[in-house]
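Q: The listed protein sequences correspond, in order, to chains W and X. Per the working numbering, residue 1 is the first one in the first sequence, and the count goes up by one each step. Per the working numbering, residue 1001 is the first one in the second sequence, and the count goes up by one each step.
Note that these hints are calculated values from the structure, not bench results. Beta carbons: idealized from backbone N, C-alpha and C, even for Gly. One or more of the hints may lead you astray.
[Stated by the list, open to error] Pairs of lysine-lysine residues, derived as DSSO-like cross-links and limited to a Cα-Cα distance of at most 27 Å, are as follows: (1) X/Lys1057 / X/Lys1011; (2) X/Lys1057 / X/Lys1017; (3) X/Lys1057 / W/Lys3; (4) W/Lys97 / X/Lys1057; (5) W/Lys97 / W/Lys69; (6) W/Lys97 / W/Lys3.
[Claimed, not checked] Away from chain X, derived, C-beta distances all over 10 Å, residues of chain W: (7) Thr5; (8) His49; (9) His76; (10) Val85.
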Amino acid sequence: DAKTTQPNSMESNEEEPVHLPCNHSTISGTDYIHWYRQLPSQGPEYVIHGLTSNVNNRMASLAIAEDRKSSTLILHRATLRDAAVYYCILRSYNTDKLIFGTGTRLQVFP
Amino acid sequence: GAGVSQSPSNKVTEKGKDVELRCDPISGHTALYWYRQSLGQGLEFLIYFQGNSAPDKSGLPSDRFSAERTGGSVSTLTIQRTQQEDSAVYLCASSSPGTGRSYNEQFFGPGTRLTVL
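The following block holds chain W by itself, in its conformation from the complex:
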């Protein structure tokens, strides 16, 4: 399985945008990029996913580099509730299995 590299932790102030980076230099052409997040004491929840084009949904935006070797999850206005561990995951096209890494712990300050 291709690997992802994320910073261990990041900080943000409330109502500011947050850019969470993810490197995946060994990504294959058929790997999808997924983001999940895990709020304290809860199971993970889906955030967004994409293949080549940038994606937007009600929670966040996903910006994918042209060479697909990196991507960035964008939270447009961080809230205290966004404090969580954010996981960037590569999923092969032929399976629904997800291999989680260690993620980025996002702290949001009021």
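Add chain X to chain W, keeping to what the hints say.
A: Only chain X this time, still in chain W's reference frame:
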């Protein structure tokens, strides 16, 4: 509607005992996944059931771990002869089928916290 449920929420056992952890997926979800999360760590994939296909057991750490899914719904994860390193939160997730261009997100249960003394 009801989400993924797991039982028990907490389980304390003695080293060497067997334990069974239960997962009730969302109704109609054909895919079911087990993960475990040790303290302060990320999620470790254990096993994946998809419909009537043979399960993907590639993440099971040893032959002491096994899982069943009866009738395509409820799943039981069994750990035999538990060891202290088995202490973790065991998470179950389910999803509707979807591969390739179609993807259906995984919905996670609250987990079972297993403590092996």
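Q: A separate judgement is required for each hint: does it hold in the structure or not?
A: Each hint, compared with the structure:
1. X/Lys1057 / X/Lys1011: 23 Å, holds
2. X/Lys1057 / X/Lys1017: 22 Å, holds
3. X/Lys1057 / W/Lys3: 20 Å, holds
4. W/Lys97 / X/Lys1057: 11 Å, holds
5. W/Lys97 / W/Lys69: 21 Å, holds
6. W/Lys97 / W/Lys3: With Cα atoms ~14 Å apart, W/Lys97 and W/Lys3 stay inside 27 Å; holds.
7. Thr5: Fine: 13 Å to the nearest Cβ keeps W/Thr5 off the interface.
8. His49: W/His49 not clear of chain X: closest Cβ-Cβ about 6 Å, inside 10 Å.
9. His76: 21 Å, holds
10. Val85: 8 Å, violated
Violation of the numbered hints given earlier is confined to hints 8, 10; the remaining hints are satisfied by the structure.
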